[in-house]
Amino acid sequence: MKKQVISDRRKFILNMARGVGLAAVGGLVWSAYVDEVTASTLLLRPPGAIKEDDFLSTCIKCGLCVEACPFDTLLLAKPGDNKPLGTPYFIPRDVPCYMCTDIPCVPVCPTGALDAASVTTDGKLDINIADMGVAVVDSKNCIAFWGIQCDACYRACPLLGTAITIEYSKNERTGKHAFMKPIVDSDVCTGCGLCERACVTEKASIFVLPRETALGRAGDYYIKGWDKEDEKRLENATSKTTTTEISKDSAVDSLNDSEDLY
Amino acid sequence: MKTLWNSYRYLVLRRVTQIGLLFLYFGANAWGWKILQGNLSSSLVFGLVPLSDPYAVLQMLFAGGVLAMNLLIGAGIITAFYLVLGGRIFCSWVCPVNMITDAANYLRRKIGVDTLPSRQSVSRKMRYWVLALSLIISFMMGVTAFEFISPIAMVHRGIIFGLGFGWAAILIIFLFDLFVLKNGWCGHVCPLGGFYSLLGNFSLIRVHHTEENCTLCMKCKVVCPEHQVLHMVGKQSLPVLSGECTNCARCIEVCDDDALGFSIRKLAQNKKLGEENENNN
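Taken in order, these protein sequences are the chains called D and W. My numbering puts the first residue of the first sequence at 737, with every later residue one more than the last. My numbering puts the first residue of the second sequence at 554, with every later residue one more than the last.
The set of hints was computed from the structure by calculation and includes no laboratory data. Don't take every hint at face value.
No farther apart than 25 Å at their CA atoms in a straight line, the calculated lysine-lysine pairs in the BS3-like style are these [what the hints assert, rightly or not]:
{"id": "1", "chain 1": "W", "residue 1": "K587", "chain 2": "D", "residue 2": "K747"}
{"id": "2", "chain 1": "D", "residue 1": "K968", "chain 2": "D", "residue 2": "K787"}
{"id": "3", "chain 1": "W", "residue 1": "K587", "chain 2": "D", "residue 2": "K814"}
{"id": "4", "chain 1": "W", "residue 1": "K788", "chain 2": "W", "residue 2": "K774"}
{"id": "5", "chain 1": "W", "residue 1": "K772", "chain 2": "W", "residue 2": "K735"}
{"id": "6", "chain 1": "D", "residue 1": "K876", "chain 2": "D", "residue 2": "K912"}
Construct the complete structure from the given sequences, taking the supplied hints into account.
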């Protein structure tokens, strides 16, 4: 093989090209990985956690909240947990949040990823306005909906009678008993998960989901006309006009032409 | 004078510091000690003084995170500390990964991996590219890019809060350093080491070489994890001015001829001399 002489200029350009290429490969793999590991949405954060996107850029993964938690509720995501690495979360079925009134996990946060202001009313820490998630009832597997008396979740709720209420209705099957159905008020529920922990079914039939996942959104098109307060929701409403192309074919054709049906 | 203590004093001190810090962190989580809480990303000393990893804070800045006051104070303290004492003192005196890579390096020498011809030379400048890349990715993805893959944090958090699959990170680094690339992780890839290298360019505590005592045995270059910083050995009496020196002091210990020792940098004159020499090198 003939040995080729490479000029300094060519060498420089080749080296630059190699550097850029390596950086691009590394950067893409790295970005893809980071995107993958931060994609988990079914994650319950400590009280006072800011919005998940901001949380991921703000949490420094120091674990001070985990250490502050007296019940060992909070965990730091380990490699293999398939959760954003090093960030705090909790699994209520194992250990729920016991809603300490002094919320030790929040003020200790050095970055503000756990925002004390969001769990403060009138200058005092107030765990009752925390928003870790919202409890959801699976009415097909909740035995109270079958007609068997159980109020485990209702009794376990730290906001007893407000976050979970019992709705009575007649049991037509027996004709003489009542259903006592647990109903969650998502405006009050903090997502502490004591109900999920208390649930007697094999796999919990009441469980906490992140608010973003569990709740819908009515949007700007519907309004409670009877509620003056609800008007405020629409103060910043915007509208979007959409158009649909109308088919130019004759209507008769559409009836006769049955190809689309099969 | 060559005694066992003299040959290993800094190594022992380093291990005591590394393991001692880990123990304090571990105790904070396991038994509620208030001496040193948190981890290397961010800590609280005596429940009062905040400390934060300045590189993590830099990534947060690029990721668009809101920087809290405590965080900035903590990062400031750490930056000032390493700026004065020597940037990569972190690497050899604090970082738990140092123990893994030192073990790999030791084994490499013992079983003779070093005697095999290496196929490719990899630039030690790579860490600065990784550092730049981490900031770019942080900016584009809105998350702290390195913190999500950092084996340092995985190992460190693993020891304090539970390891999970973190042992895989340990094994990967160990095998990488043992078989793939000598001083691979700490000396070529790690952007945190790169960050502290940049800080270390300005720091005061330096290893100083006395050429008159040197017998050219080159033991120092064999043990040094960043042997390029010892370019003056046997040539010129100079302090090691490169920020890439980790101040691990292994070179001082293995030197039988008193040709290496710690000194405080004399700012103006040494800087000029050293820079000239580095440019020539």
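We went through each hint and held it up to the structure:
{"no.": "1", "hint": "W:K587 to D:K747", "verdict": "57 Å, violated"}
{"no.": "2", "hint": "D:K968 to D:K787", "verdict": "23 Å, holds"}
{"no.": "3", "hint": "W:K587 to D:K814", "verdict": "23 Å, holds"}
{"no.": "4", "hint": "W:K788 to W:K774", "verdict": "13 Å, holds"}
{"no.": "5", "hint": "W:K772 to W:K735", "verdict": "17 Å, holds"}
{"no.": "6", "hint": "D:K876 to D:K912", "verdict": "22 Å, holds"}
Hint violations for this structure: number 1 only, all remaining hints satisfied.
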